[in-house]
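Chemist: Read off the chains here:
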Amino acid sequence: MPQYTLWISARKDAGTAWFLGGLALVVVLVPILNQVVPPSSPFHLSAYGLTLVGKYLCYALLALSVDLIWGYCGILSLGQAAFFSLGGYAMGMYLMREIGPRGVYGDPVLPDFMVFLNWKSLPWFWQGFNHFWFAILMIALVPGSLALAFGWLAFRSRVTGVYLSIITQALTYALMLAFFRNDMGFGGNNGFTDFKDIMGFDLHSDRVRVVLLVITAIMLGLSYVVCRMIVASRAGRVIRAIRDAESRIRFLGYRVESFKLWVFVFSAVLAGIAGALYVPQIGIINPGEFSPINSIEVVIWVAVGGRGTLYGAAAGAVLVNYAKTYFTSTIPEAWNYALGALFVLVTLFLPRGIIGLVSGRVKKQGKTERPLIQAGGPERSRE
Amino acid sequence: MSVHDKTLYVEQLTVSFDGFKALNDLTLKIQPGELRCIIGPNGAGKTTMMDVITGKTRPDSGTVRFGPKLNLLALSEPEIAQAGIGRKFQKPTVFERLTVFENLELALAGDKSFLNTLFARRTVAQETRIFEVLEIIGLAQQHQALGGTLAHGQKQWLEIGMLLMQEPELLLVDEPVAGMTLQEIERTAALLQSLAGEHSVVVVEHDMEFVRSIAKRVTVLHEGRVLAEGDMDQVQSDPRVIEVYLGA
Amino acid sequence: MKSKWIRMTGLLLAAGTVFSGIAKAQDTIKVGILHSLSGTMAISETTLKDTDLMMIDEQNKKGGLLGKKLEAVVVDPASDWPLFAEKAQELLEKDKVAVVFGCWTSVSRKSVLPVFEKDNGLLFYPVQYEGEESSKNVIYTGAAPNQQAIPAVEYLMNQIGVKRWVLEGTDYVYPRTTNKILEAYLLSKGVKPEDISINYTPFGYSDWQARVAAIKKFGSAGKKTAVVSTINGDANVPFYKELGNQKVSAEDIPVVAFSVGEEELSGLDAKPLVGHLAAWNYFESISTPANKAFITQWHAFIKNPKRTTNDPMEASYIGFNLWVKAVQKAGTTDVDKVIAALPGVETPNLTGGIAKVLPNHHITKPVYIGEVRADGQFDVVWKTDTTVPGEAWSRYLPSDKDITADWVTLKCGNYNKATKTCSGQNFK
Amino acid sequence: MKQSLLRPGVRWFFLLLLLASRGAGPVYGQSSSDDTFLATLGELRDASFADKDDVVEKSGQSGHRNVQAVLTALLEDRLYFRNDDKKVFLVKTAAGEDSSALDLIDPVTLQGAGSASLDNLTKIGTNNHLRRILQTTLARFRLSSADASVRVQAARDIEQNLDTGNVQLLRERSAVETDSRVKDELAAGLALAALDSSDAQPRLAAISTLRHSLRQDVLNKLQALIEKSPDGSFAESDEHVRLAAAAAVKSISRLHALNSGVETLFFGFSLGSVLVLIAIGLAITFGVMGVINMAHGELMMLGAYTTYVVQVAMPNHKEISILVAIPAAFLVAALTGILIERTIIRFLYGRPLETLLATFGVSLILQQLVRSIFTALNRSVVTPNWMSGTLQLNEALAITYNRLYIIIFTLLVFAALMLILRRTRVGLQIRAVSQNRAMAKAMGIRSEWVDALTFGLGSGIAGVAGVALSQLTNVNPNLGQSYIIDSFMVVVFGGVGSLWGSMVGGMSMGVVNELLEPYAGAVLAKIFVLIALILFIQRRPRGLFPPTGRASENQ
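Protein chains in written order, with our numbering: chain A, 33 to 415; chain B, 11 to 258; chain C, 31 to 458; chain D, 468 to 1022.
Calculated from the structure, these hints are not laboratory results.
Fair warning: this is a prediction, and the values are worked out from it, not measured in the lab.
Each hint should be verified, as a subset may be incorrect.
[Said to hold, decoys possible] Straight-line C-alpha distance at most 30 angstroms; calculated DSS-like pairs for lysine-lysine:
(1) D:Lys688 - C:Lys277
(2) C:Lys277 - C:Lys254
(3) D:Lys717 - C:Lys277
(4) C:Lys413 - C:Lys450
(5) C:Lys247 - C:Lys301
(6) C:Lys148 - A:Lys228
(7) D:Lys785 - D:Lys590
(8) A:Lys228 - C:Lys441
(9) C:Lys253 - D:Lys688
(10) A:Lys356 - C:Lys126
(11) C:Lys91 - C:Lys126
(12) D:Lys695 - C:Lys254
(13) D:Lys695 - D:Lys717
(14) C:Lys336 - C:Lys359
(15) C:Lys99 - C:Lys355
(16) C:Lys246 - C:Lys413
(17) D:Lys688 - C:Lys247
(18) C:Lys166 - C:Lys193
(19) A:Lys152 - C:Lys219
(20) C:Lys246 - D:Lys650
(21) C:Lys148 - A:Lys356
(22) C:Lys277 - C:Lys91
(23) B:Lys101 - D:Lys908
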């Protein structure tokens, strides 16, 4: 059945086809351009290029997770950066342990910053991160369980709309402050950096980078397929129904809370994976990643790309970040104007995002003209 | 609890919105298979009553039981729906960004847990059932149209259709014929009457003609309590009712 | 249909990355400038970007370097640490710059370090920092702790007779290390542990009421008390405003700061701060011909006669001159040759004395203690008689006492004299 | 330097003889010749700070009639020597920004001695240690000043160094002192000294005088008395004195605890009022209109910069420029707000999330705009004198004026806002539209116009908040960024659309934060507040004062 739906949806919407096609292209081309094509050739993909593409793909995955929770389920989570960073930190802890005695202070077990803070032994929450499998487990588990706990509380007591958005923001804000503290045992403001290798492979060698990038692309593809399956399933329709008329769907006998919770947790895990893939390629993770502004930016990528389409989100992430890379070098003094203008113009003229420009299918979506001013606000039940 | 007895007991129900008593010590009993019409001027508490029964509003006091044992007040909306109580809203609310077909599919009776719906496959039986209903509500042609694009009357039908898909024991129907043409009204009447018997049906309606055409038993609500009850003629001849309606 | 879109991004990407490979003809020498022009650090770093541009401009007026013109490549890492790494990579791999002047915060330096070591680039780092580091590819032209913190404390201890110490810092690596070193130093000088109070506040901390009240209380114990502030940029203004409001006068509890210079003071009303101290290797108020010339040049370049100069600007100035001299000495901009040439290269400071590159990639610097004047300048109240050589590894930390950095003979930034091993290096 | 600390005692012994011969008040005769005096001053020229200490003391004991004048000049950076003839001079006024020449005063005659250009003069520098010594030295003269408060301060300064000479001086003064405040101060000083006296009786007396003092140094001194030294013996030998001291310490510390409690509360309210100030503007644009206004912070920033510009525009009225800045900031921010509303927001009503996206873009643009105009550097906004300093409620409790004013200011702004919404026609229309647009339209209210006004009002308030912030923190392009998150928290905590909610919410957040801070530290306190907020929203999903407005329903 799954393959069937996927096949259907791939047939049904060109977007999916092109998205997966594009990824496949990356998977094939990148290794060739970087490994086979000689550096002298204009078509050689430098390590810098690798890092960029890798970053974009990770962000695309993050955007995907936001689109699932926001574009389909209507939950605007401004805390997605938290899950992303937690995944990143989990991976970072593994990479730190991998450094072993090669650190500045040459301590076989303790990371440099612990030696530096006169820590005598490894804190309990660092145990086990020397095993890759354990790190992988945590990458999914930590963001997942946080989302579970948080979501359970929030959805059970029917926190919705801006209230939910703001407390998710409070969540990531609190985490940021916590991780900034050196006493927390996560390296404070500096976070983790200067990684040496992953599973024994040198992180600085292009070959390893290529592999990481390919893995990222594949993960992105897989996640996309899974998301696509979810939204294509009956559960997917329920989720969309929740987005459009939450109170109504309850009277059909659906436990809205649990649907929201499942999606929330799943998207948190996706974000975690994105973070985990991001760290080894970028080479640093620090509390700045938790910043609420980051979460807002992710939402903006999705909005720019076009929400409720999945591929739109991914496209948005790539576009906005490419624009950022491009402008910060070409017009370093004024790139904020360009980016700001982009956001304003997209909202004003492309309410359905850039995908809206080219897609025929998404019609009538994204636009739900609700008057801002509603008599009596919360729909009162009176005759 | 006895599977067969699906009587709805509403006892001494009181609901107040900041001071104003929407329901005031309301007591009501709906027999299984009964078709009951509830009428009353605005603010009589008709919709509020439905809200309480379906778990949307929590009462200040009173009890609502479905069958001798099942206390509805202890349940959440989904649980109540699962217990076999379906509702059609006064203001038709369908899922505007889903197709007519999908709207009905969501209403399908059955296990509605996340995992189940995630892996659910549409069975032939289910599809045929959906198309039956589509025929009944006369939307077979538009089954691929988005809910939001339907006309008001069609939305009414769609929502009735969703109600049918749920296969509930008790249907709460709030102003079903608003915005319908005459023959549509007749069809609705026929439909509701056909439903009565194996389902119990509660209809709230302003349209007296319609009520007369279907009602066996009529309950008149006024200021949150039962003003009169009986068949149409009794009720209409009741002086208090006349006073309330014509406002002496 | 949608395809178009994805293909388009694909192409854009290609434009950005694929062609990054093209090596441009070397008709100019490219100089990378890696300072935040937006975000929280822009406050401090924009000035350094302008200083670098001024120096490059100046050099080109003098006919460039090795007969080629210098071409500045400016990028904006936007106070975003991962972006620093990315931009460093861009400068080194895409633009193929000969040298990079940049970074301010420790974390930004830490994040670009692996990039510079992998791509074998050359970075001049112009800000005072915590030490505990010496990279083959970095020249540290700012003060190491022994060139700023220790002398300041000595001054307070010996000249002012301070007996009780508050070490107030922002919670990140520079204050943590500095305070660690200072604590070790103070204890070694016989200060009682209960006379030392260490406290950390988060970045951009603005609600100082309670902290300042606490400091006042700590200072009222009858012994002469001083505050050693390693508070980071943003939090300083509210801190000093609160000091002023709670009437903590420099005569009662002097505050000596390591991150507050002329530029920071120009951003606030200095009157309440008169008499508080700062320790730097440069003050605008020091009148030497070289400094006067530099200031006039700066005012001309920035087109604002009121703009101040400060210590990191001098460090950038020194760094640039050192690089120029080294390139001339090596006769090429090839990084390995330049790095080989650098140790021993000398250039005059703006305030007198000579800055000399040491084998540990730090330089010699004079140390000045200044008191804040009402006009936001500093009166130098104390200076070292000679320049102080920068130490990458502090002699006061037990963990460091055996460690040394030497890129001339030992070829190692982290060499343990006891075990005779070189650890923590990223290159083979 | 060490020895110099020992010296004063001896020195003042001579002075005392002098005083005895000439009656009360330190009035010096021609005890030393002008030449020796000049010679002493001459030493200041190229002395290190340590040596200068001694010079100051020497000139102090020289008893020359101009000592006070000269030392005051030194303290006030008005003592120079002329480069060509190395002569020492006082100058009338300290060198200012753009003074090229100074009017000289002869240290002996105190008569004008022409003027000299700055580059022919060299200032005789001081450092804060020297200034401390000068103040103590000069205090002895100020002790006989006409102004009582000066005398109090003088007594305070002298207490910094209670040697026999100073004690004697205090005693002399208390004999002739009339003003009660000064008398108390002197008594306290003498008592402090008496604590060190050899026999118990005066010590007991001293303790009973100091019993009710709230001064920290008194407390420390008393505590020292009852401290047990490692070997079990007490610093204070006499039993009774110890008991008395212990009792005194107990009562004083209790008062201290009380006062610090009050202080913390005050801190809480001042922090709270800042939170309220940054939130109520948003409570309108976001709460009432449902616009997720990410540019709110930047509007505050504009307000702060307006304050700066106004201050620069009226350099001669720095004291009142801030008052002018308030309406100015309101206008600037309000107009910007209206501009944003007319050009962008109005196309997005009903799509709050799009407003988030667009206003985020706007915030980026505004930041960069300011950066381009004013550079990224901080801008210095002076605190007017009437706003700086502290209100000394008692020895242990002082609250800072600027915080006090900000609390008051917040309340005023809030009240004003309430008046506008409740009492004015515009306010009526705003509320009407916010409750039922269609109906309002039907009643002929130009809802378009009202929207613009409402947004302008909210933005204007943000601008006014910016004025307050300019007094507390950095005025730079990132100002808004650092407050936007908090303001959203407050609004949501209070209940979207409820001004009272924002008021109560902000205040309580501030107080809780400050109450926690002493125990948890700044960061944890904040984290606790955030977690508390999250849990609170679980309990009350619509905030403190559940809204009847609109934003709540839109997603």
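Chemist: Would you mind confirming whether the straight-line C-alpha gap from C:Lys91 to C:Lys126 stays at or under 30 angstroms?
Modeler: Holds, at roughly 23 angstroms.
Chemist: Within a Cα-Cα threshold of 30 angstroms, do C:Lys413 and C:Lys450 meet the stated pairing?
Modeler: Violated - the C-alpha atoms of C:Lys450 and C:Lys413 are around 37 angstroms apart, more than 30 angstroms.
Chemist: For the pair supplied as a hint, C:Lys246 and C:Lys413, confirm whether the alpha-carbon distance does not exceed 30 angstroms.
Modeler: Status holds; Cα separation ~29 angstroms.
Chemist: Measure nothing beyond the straight line between the CA atoms of C:Lys148 and A:Lys356; if it is 30 angstroms or shorter, mark the hint as holding.
Modeler: Judged against 30 angstroms, a Cα distance of about 25 angstroms means the pair holds.
Chemist: Does C:Lys355 sit within 30 angstroms of C:Lys99, going by the straight-line distance between their CA atoms?
Modeler: holds, 15 angstroms
Chemist: Please verify whether C:Lys148 and A:Lys228 have alpha carbons no more than 30 angstroms apart.
Modeler: holds, 11 angstroms
Chemist: Mind checking the alpha carbons of C:Lys247 and C:Lys301 for me, to see if they're no more than 30 angstroms apart?
Modeler: Within the cut-off at roughly 23 angstroms; holds.
Chemist: Just to be careful, I want the Cα atoms of D:Lys688 and C:Lys247 compared with a cutoff of 30 angstroms; is the pair within it?
Modeler: holds, 14 angstroms
Chemist: CA of D:Lys688 to CA of C:Lys277, is that 30 angstroms or under?
Modeler: Measuring from Cα to Cα gives roughly 23 angstroms; hence the hint holds.
Chemist: Would the hint linking C:Lys336 and C:Lys359 be met if the CA-CA limit is 30 angstroms?
Modeler: Answer violated: C:Lys336 to C:Lys359 is near 37 angstroms, above 30 angstroms.
Chemist: Mind checking the alpha carbons of A:Lys228 and C:Lys441 for me, to see if they're no more than 30 angstroms apart?
Modeler: Roughly 20 angstroms separates the two Cα atoms, so the pair holds.
Chemist: Run the distance test for D:Lys695 versus C:Lys254: straight-line Cα separation, threshold 30 angstroms.
Modeler: Holds. D:Lys695 to C:Lys254 sits at ~23 angstroms (cutoff 30 angstroms).
The structure is inconsistent with the numbered hints 4, 14, 18, 22, although it conforms to all the rest.
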